[in-house]
Structures are given as C-alpha cells and as structure tokens.
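Q: Now for the letters of each chain:
There are 2 protein chains.
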Amino acid sequence: MQFDTMPNLLKKRVFLTPDRTAIYFNEETITFKELYEKSLQTAGKLQGLGVKKDQFVGVLLKNHLDTVVILFALQLLGVKAVILNNRLTTKELIWQVNDARAASLILDNDFEQIKKEVTIPAVTKDQLFAATSVTPEIQEEINLNDVCTVMYTSGTTGNPKGVLHTYGNHWWSAVGSALNLGYTDSDRWLCSVPLFHISGYSILMKSVIYGMPVILHENFDAKRAINDIKNKHVTIMSVVGTMLYRLVEALELEGCQLPKHFRCALLGGGPAPLPLLEACKAKEVPVFQSYGMTETASQIVTLAPEYSIIKLGSAGKPLFPSQLEIILEDGRMASPREAGEIVVKGPNVTSGYLYRPDATQVNFNDGWFHTGDIGYLDGEGFLYVLDRRSDLIISGGENIYPAEIESVLLAHPDVADAGVTGFDDETWGQVPAAFIVRKKNAHITEVELKQFCLENLAKYKVPKSFYFTDKLPRNASKKLLRRKLSELVQEGRIHK
Amino acid sequence: MQFDTMPNLLKKRVFLTPDRTAIYFNEETITFKELYEKSLQTAGKLQGLGVKKDQFVGVLLKNHLDTVVILFALQLLGVKAVILNNRLTTKELIWQVNDARAASLILDNDFEQIKKEVTIPAVTKDQLFAATSVTPEIQEEINLNDVCTVMYTSGTTGNPKGVLHTYGNHWWSAVGSALNLGYTDSDRWLCSVPLFHISGYSILMKSVIYGMPVILHENFDAKRAINDIKNKHVTIMSVVGTMLYRLVEALELEGCQLPKHFRCALLGGGPAPLPLLEACKAKEVPVFQSYGMTETASQIVTLAPEYSIIKLGSAGKPLFPSQLEIILEDGRMASPREAGEIVVKGPNVTSGYLYRPDATQVNFNDGWFHTGDIGYLDGEGFLYVLDRRSDLIISGGENIYPAEIESVLLAHPDVADAGVTGFDDETWGQVPAAFIVRKKNAHITEVELKQFCLENLAKYKVPKSFYFTDKLPRNASKKLLRRKLSELVQEGRIHK
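Protein chains in written order, with the numbering used here: chain A, 6 to 501; chain B, 6 to 501.
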C-alpha cells in the first residue's frame, strides 16, 4: 500500500501541542492554537473573496506575523501559493503572476500600487483582514504529492522558472534536517532570511512539523540577532555568508560571544570563503555549512556536527533520505577530487517546473536532478561546492571558478567584499574580472591585488582587470549576482 | 513524482557517520563502520549458502550482537526476515516457518535441535559465520514499499498471522518517534526487550536512521539496566509495565534515583496500572506512556513530554504522521469519553498479513486499521486504552474491561500481580474471575479482596471468584496472556 496522505500539518500540530509558542514577532508571541485560529479565520475570509482549493494564488508579502497567518490559511484551503520575491520590479512580478496563471494576488499594504498594474483580482492584507469570513472548507488531510508552494528561481539565463514544492518536498526537507541536526523541545529557530525564499519558508514548515517556536525578524540586523539569540534562547539560525560576516563583526565590536545554547548557524546561499569560516571558528560560532537551492526545498547537503571543524569548507554529505553524485561532461561519474556537475536525488527534490515540461526534462534524468552546480567529493564523500555552472569562466580551455578567486581576494586584509565574473576576450575566449569593495580607510591598489593573487593562484586564474566599488549586486538572500557585475560595466555605472 | 526509494539504510548511515558507536553489547562496542563490514561479510556468506533477494528467511535468534549483524545482512541482500519468537514450541515454530513459506532458517546455536525438525535448509549462526563468503549483491537503494520483516502476532483467537513490515513502516515509525520524543546526538537507547519483537527491532532501525548508539542486553535485569543507564549514559529505554515495576523496586532497594540524563522510559505493552505510574512519579522516573502493536511497527500513540504528568494514565495522541479514531459497534464515531474500537491510520501501519487477504480485508477499511482494542478519547483528544477487544468480558449486557479491574487489584498493598479474565456463566453470559499473586508474607483473602473491589468498582465488575498463584502467564514482552488464565483452571493446574 502506497502511503501519500497525512493530517493537515498545522491542524495536527495544534492538536498535539496547542499551547506551545509558534512565533515570536517583535513584541508579539503566538501559540500554535492562536496561529491556527487566526489562519482558520483568514481562510474563511479568503474563501469569501472567492479563493478556492487548487488555485494558484500570488503572495507578495514581507516578513511579518500576518504573512505566516496568510501562508497557513492558504495551506488550510489547499491553495497553491505562488510566493513572490519582494525585490522584483513590477514588470517582473506581473510576468511571474501571469506565468503561474495565478487566480488572484495578495499584497503587503506597501505594494498597493501594484493592484492597478495587474488584471487579476488583488487585495492588500488590510483589505483581506477586513473582509467578511465564511466557514472555510478545510483540507483535513494533505496529499504529499500535492503542490504546496511555487517559487521562481532567479534564473541566471533565460526566463525565471516556477519551482514546484509539494507538501512531501517540505515534509522530507524538515525530517532530513531533524535527523542531521537533531531536534529537542528546547530548540528555537531564528528566521531573519526572507519568508519568500525557501530558506525562510522552510523554517515555518519545520515549526509546525517539529512543534518548534520561530523567532521572526523583518530582516537581518546583526545586533538584534545577537540580542534575541541571548534573550529568546535561539538555538539555530539560518544565515548566508554576508550575514555571518556581519554577525562575527558585531560580536568582535561588542567583545562578546554567543551563548552556549546557540548550537547551529546553518550556512547556505553559496560556497563560504575560508577566512569567514576561520573567523567563526576563532569566535566559537558553530557553523554548519550546507548546500541547497530552491529546487531541493532548502538544504540537501549539510555537514554533520562532528565534522564541522575538521572538514571546514565542505558542505558535508547528503541528508539521510537524499543522494548525490558528481557527473563529468561525458556522463561518467567523477573520481574523488575530480570536479563535475552536482546531481542529486531525494524526496525533498522538486518534481519539476510549473508548465515547463521542457526545462523539467532537461534538468531531470531517471529521478536525478542536474543542479548545474560544480563541485567535487573528497575521498570520504564530503562535498566541496566550487561554483554555479552558469558562472563558470572558461579561459584558454581551462575552467576557472569565480568563487575560488573571490575566496582569495576576501582573504586580503583590505578587502571587505569581492566578486568575480568572466569578460569576453579575443585571445582567451573569457578572462576573469574582479570587483572589489575596500574596507573603510583601506587604499589597496590594482597592482597590489594582482600581486596578492599571483601569490595565491595559478596565473590563468588571476583577474585581468579590477574594478573598485562601494557595493556588490546581491539578491534578497545576499547571494552575489555575478552576471550583474558585467552589466554594471556595460551600463557605464562602474569604471576601473 | 511519487517518492519511494531511499539509500540502503545501514550503508547510508555508515557513509554519514562511520565512526559513531552503533552497539554496546556486554564488553564489546562496535561502530557503524564495523557493523557494516561484519554485515557485509555475513551477507556474502548467506549468499554463498544460497540465500537470495526477495526470499523469506526465518530467523530464530536471541538478543546478541551477532543477531544485529545477521538482521542487517538480510537487509543488505533484500531478504525478508521472518523473525521468530524464541519462546515458541517447536510445533509452533514449524507452523510459522511453513506459513511464511520460508526458504531457509537461521538458528541460534542453542536451537540446533530444531534443524532436524524442519524440511527446509537450516543453519546455526556458528555454521553461518564459518561458511565461505562470496561477493554479495547489495541493495544500494531500498524501496519503501518493499517488505523488510515479518512478525507473527500472538493471535488471541485463530492461527497466528504474519504481520508485514515494509521499510517504509519502519522508517516512518522511527521518524514519528523522533518528532515526538526529539533526538540529539547525545541520545542512547537501552534495548532489553527482545529483538524478535517489534519493540526491540524498531530500536535497531532507529539506531541506523538516527545514527544513535544502542545498548543491547540479552534480557531485562533491573540492576544491570540501572547500572548501564548511569555508566553508559542511556537517555531512553523501552519498557513494559512489569519491567518498570522491577526498575522502580530496584531503585527503592538501592535508595537511589536515575541520573538526570535519563529522559524517557518509553512504556508500551498494554495499559499501565495507575499505582505503577504514581510510583514512577514519586521516584522521578520520566515515563512516556505509549500505545502500539506489531501491526503499527511499535508505538503509534505517545504522550508528549509536557503532558506526561498531567495526563498520567493516558497513552497520549497519535504521532505526527498518524491518525486515530474511536468507532462504535454501529460504525459511528464515538463522542469524547465514550469507549469504542481504536482505529488507526498512518505510514507506520502494516499493509496487511502475509498470504491472508481475508484477515487483511477484515481489519482494514479505506486505509484505516481496526485494532480490536478498546479505548476512549478525552475532551482534548488524549487516548485512554481500556483493553483488548478479544479480552472484553460481556456480563449481563454490560461491558467489563479486565484491565480496569486489574488496576484496582494492583492498587491493594498486598497484591504483587493480578490478572482478570471472563468465565462462562449460565446467568450472566460471562463473569470476571481474578488471578492474584500475593506479595511476600502477605495473607490477603478472597473475602478481603472482594470487599476492596466493592469499594472501588461497580458491583457487576467485581470478580466472582479469586485464584491465588505464584506467577501469571505472560509472553516474552511480559504482556499478560489472559486466555491462559482460564486454561490454567481448566487444566486443573490452579485451584481456588
């Protein structure tokens, strides 16, 4: 007998532990019972407005307690939430809403002007909460194969694609993480990453599945994070490299350390530079490197606790239910330490892209998902992520991985941030170019940086040109957007 | 996309954390890597002896490190293990081996004489370990719908039935338990229940799925259990009522308490009498009542930590992925506090009985499994198990639940153990009869016990006759065998 149904997640959680705290948001705390009641009422209002099971509904909402309520109201109704990135331009938003064939749109009050731009029914959250409630038709059971959410991937080439997440994808992601990181009823997870990204949404799913309180911040603020870690007993926090960098900086500034109960900074969003990891080690910040993407419903590879120090820089091994292989261009499996494409399989991996059988077919092969990312396994099977394939620079037949060069640049004491991308070159096909943010009061020059690179990298990897700027283009989850680097130069917005 | 494959469990575990301890057995400790290597070698020997994937193979083995190795060797080969109760008579064993159409049989050395009685190939474990090893064909992936084990239920009526456990049943059981009890890498589980029961086998599955050390005892000894809880840092232990009773007694005798790191005595094997739970509370033994059976691959209902005291006597609520209902004779759902049949659903519930479509059909209805057990839910949905339906005494149209009467009898200071069953009666159809083990040096009489019952029970529930004996018939997991009580009288082996 095939198993594919389960009780409605929030409803089951509220039945099991109604009085546990679900969310801390600013001065508010809310139990699972209260969260359920608010979500149920909101489900009634949504239904009153014409929202129905199996529809795709766009949501453009900031990190807020109300957002949590609305997201669970949609789950209660069996509506598929198309979760939109708050930083998109109106044009991009409309494109995604149309692509998903969304029946309606729910907006944060600040985005009210978008209502005029779309042709489908749209309400702000204030309008939603003011609507009349009817008795909602609740999904008492969920099917693990049903789509729960759609999130568009940034798409470094071509149009964005809507990644389908089933309830099963979210469930297995939460379970795989619990088996690796462990879980006890004293755990509390700090969410200062966006709820519209899988990194944030997956924390909400863990909250209901584990029965775990989440401390929700509107955005990341290092001082506030440290404060809540201490006072609200945060044990786990999801971070990307830049957040971790600012966290360590703030700890140094205050001359303090994180309390002992803080057991895990779960680091995602791309390969972390070694100097950052070493700074964390010095400050005794327990970093768990991980690897994942929207298509894997958050982390799929994480470093187990006992290896967090001795395998510093590795993303670890695939979570229990998942598998990973490194595949060479010719389709062969790579040998240890041989770089190739990272290919993954598991119950947390998306079943494909919304209305894109072509893209789905290209990326899947016999249940294995081709990530397009480059990495290698060491002799023991630990994954080292080198780069995104789309960012790969091929120069004179040699492969160059931007992250490797960035890691070197970031190790220079005068460099605050660094990005590397490929520029077209008549002789070599492509050559690397570096974009540098200097530290305050630092005056490092191109000549000095080139010399520093020559000391640390094979000659062909040394950037041919250096650009100095105040800030690098990063998306909402602080991931470096390398293709934007060259655009800045092309648009004349940055000069050598 | 339907998800139903996963990496081979032991192989994945050894890949993730090879150097963690898997098993402590007497003076031996064994890491997951060593366990894998031994199991792999044993798989090669089994294959050399002709054991093949998808065969049913009988195993009659005691609690021992070798048994763990053999059970995982069978998993590596994709062989379905028919796990036989060590206390069966040879006749019963042969019946089960034949019923399962087992291709061969693996025996503990002590059971060698059984080889002569069976018509299928049989080897002792010494013979197996001395065999020549070939390169085994290992199942790199498991299918969650494939059968992993078969265990025969004691079957209070009719012939025993082989309960099918898929890999998925075991997996979800382990995950459901982790989500409820929590899991950290400092957890260690003491297994002094039989590995041939689901209570013991499920601990092995948790070991590989969590990466958790198991302390394995040949059998339960209260003093040894307390010693290992202290010195081997045991945090969780599976117990049935009589074990817990002896544990508390031993603690009282030694005038000590369990250390703080011991966080859970997981109590299964039937409703626990209130006096026992109260004694545990007094001794600060953290008891988590649970409810489950072979058909549910161990616990399906467990009391969450925060309710262990205020809902003393309840088995709790169904684990996250599972559901439970109380159904009345006429098929209606029971109201709160109304007793009826316990009906369950979930991914840990067996898909049915081996070669018994009839029995499977009788017990299943639209994915719901009819347990035959009687219980009720309180207003908040906490389950209280009253009794096994097959033990139900119907007297003058009134339902009488033996466990309720036993609970009263056990509360008497002179009573060490008590069992109640129904005797045929011309007037009332059935009447309850009580079987009593007096405490050492106690001289309580039938008249005194009747008076005590009258003070605590409705008159129709008071046993009509009392039998005094040294020992009550219990199975290997210490569950009272009520039908054996009346047999003792019929056979003239016990008198009033």
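Be aware that a few hints might be false.
Said to hold, decoys possible - Subject to a maximum C-alpha distance of 30 Å in a straight line, what follows is the list of computed DSSO-like cross-link-like pairs (lysine-lysine):
no., chain 1, residue 1, chain 2, residue 2
1, A, Lys469, A, Lys484
2, A, Lys43, B, Lys316
3, B, Lys476, B, Lys96
4, B, Lys58, B, Lys43
5, B, Lys286, B, Lys484
6, A, Lys286, B, Lys445
7, A, Lys265, B, Lys235
8, B, Lys38, B, Lys235
9, B, Lys476, B, Lys445
10, B, Lys445, A, Lys235
11, B, Lys43, A, Lys316
12, A, Lys237, B, Lys445
13, A, Lys235, A, Lys265
14, A, Lys484, A, Lys286
15, A, Lys489, A, Lys501
16, A, Lys38, B, Lys286
17, A, Lys38, B, Lys316
18, A, Lys57, A, Lys67
19, A, Lys445, A, Lys484
20, B, Lys288, B, Lys445
21, A, Lys67, A, Lys43
22, B, Lys501, B, Lys67
23, A, Lys483, A, Lys445
24, B, Lys67, B, Lys38
25, A, Lys237, B, Lys265
26, B, Lys237, A, Lys265
27, A, Lys265, B, Lys316
28, B, Lys235, A, Lys316
29, A, Lys316, B, Lys484
30, A, Lys58, A, Lys96
Hints in this document: simulated from the structure, not taken from any laboratory.
Q: Now tell me if each hint is right for this structure.
A: Right, here's what the structure says about each hint:
1. For the proposed pair lysine 469(A) and lysine 484(A), the alpha carbon gap of about 24 Å is at most 30 Å, so the pair holds.
2. This hinted pair checks out: lysine 43(A) and lysine 316(B) have alpha carbons roughly 28 Å apart, not beyond 30 Å.
3. Distance restraint check for lysine 476(B) and lysine 96(B): the Cα-Cα separation of roughly 25 Å lies within the 30 Å cut-off, and the hinted pair is therefore satisfied.
4. Taking the CA atoms of lysine 58(B) and lysine 43(B), the gap is about 19 Å. The hint holds against a cut of 30 Å.
5. With a CA separation close to 22 Å, the supplied pair lysine 286(B) and lysine 484(B) stays within the 30 Å bound.
6. Between lysine 286(A) and lysine 445(B) the alpha-carbon distance is near 62 Å, which puts this suggested pair outside the 30 Å criterion.
7. Straight-line distance between C-alpha atoms of lysine 265(A) and lysine 235(B) comes to about 25 Å, which keeps the hinted pair within the 30 Å bound.
8. A hinted pair counts as satisfied when its Cα atoms are at most 30 Å apart, and lysine 38(B) with lysine 235(B) qualifies at roughly 26 Å.
9. At most 30 Å may separate the alpha-carbon atoms for a hinted pair to count; lysine 476(B) and lysine 445(B) meet this at roughly 12 Å.
10. A hinted pair counts as satisfied when its Cα atoms are at most 30 Å apart, and lysine 445(B) with lysine 235(A) does not qualify at roughly 56 Å.
11. A distance of roughly 28 Å separates the Cα atoms of lysine 43(B) and lysine 316(A); the hinted pair therefore holds under the 30 Å criterion.
12. Restraint check for lysine 237(A) and lysine 445(B): not satisfied, since their Cα atoms lie roughly 54 Å apart, outside the 30 Å limit.
13. Between lysine 235(A) and lysine 265(A) the CA atoms are separated by roughly 9 Å; this keeps the pair inside 30 Å, and the hint holds.
14. With a C-alpha separation of about 22 Å, the suggested pairing of lysine 484(A) with lysine 286(A) holds against the 30 Å cut-off.
15. At most 30 Å may separate the alpha-carbon atoms for a hinted pair to count; lysine 489(A) and lysine 501(A) meet this at roughly 16 Å.
16. Note on lysine 38(A) and lysine 286(B): the hinted pairing holds, with a Cα-Cα distance of about 29 Å set against a maximum of 30 Å.
17. For the given pair, lysine 38(A) sits about 19 Å from lysine 316(B) by alpha-carbon distance, which is consistent with the 30 Å threshold.
18. Annotation: proposed proximity of lysine 57(A) to lysine 67(A) holds, straight-line Cα distance about 23 Å (limit 30 Å).
19. At most 30 Å may separate the alpha-carbon atoms for a hinted pair to count; lysine 445(A) and lysine 484(A) meet this at roughly 22 Å.
20. Between lysine 288(B) and lysine 445(B) the alpha-carbon distance is near 22 Å, which keeps this suggested pair within the 30 Å criterion.
21. For the hint linking lysine 67(A) to lysine 43(A), the alpha-carbon distance of about 18 Å falls within 30 Å, and the restraint holds.
22. For the suggested pair lysine 501(B) and lysine 67(B), the alpha carbons sit about 37 Å apart, so the restraint of at most 30 Å is broken.
23. A distance of roughly 20 Å separates the Cα atoms of lysine 483(A) and lysine 445(A); the hinted pair therefore holds under the 30 Å criterion.
24. Our distance criterion of 30 Å between C-alpha atoms is met by lysine 67(B) and lysine 38(B), whose separation comes to about 23 Å.
25. As the CA atoms of lysine 237(A) and lysine 265(B) are separated by approximately 24 Å, the hinted pair is consistent with the 30 Å bound.
26. This hinted pair checks out: lysine 237(B) and lysine 265(A) have alpha carbons roughly 24 Å apart, not beyond 30 Å.
27. Note on lysine 265(A) and lysine 316(B): the hinted pairing is violated, with a Cα-Cα distance of about 33 Å set against a maximum of 30 Å.
28. Proximity of lysine 235(B) to lysine 316(A) is assessed by CA-CA distance (about 33 Å); at most 30 Å being required, the pair is judged violated.
29. For the hint pairing lysine 316(A) with lysine 484(B), the CA-to-CA distance comes to about 49 Å; that exceeds 30 Å, so the pair is violated.
30. The hinted pair formed by lysine 58(A) and lysine 96(A) meets the criterion: a straight-line CA distance of about 27 Å does not exceed 30 Å.
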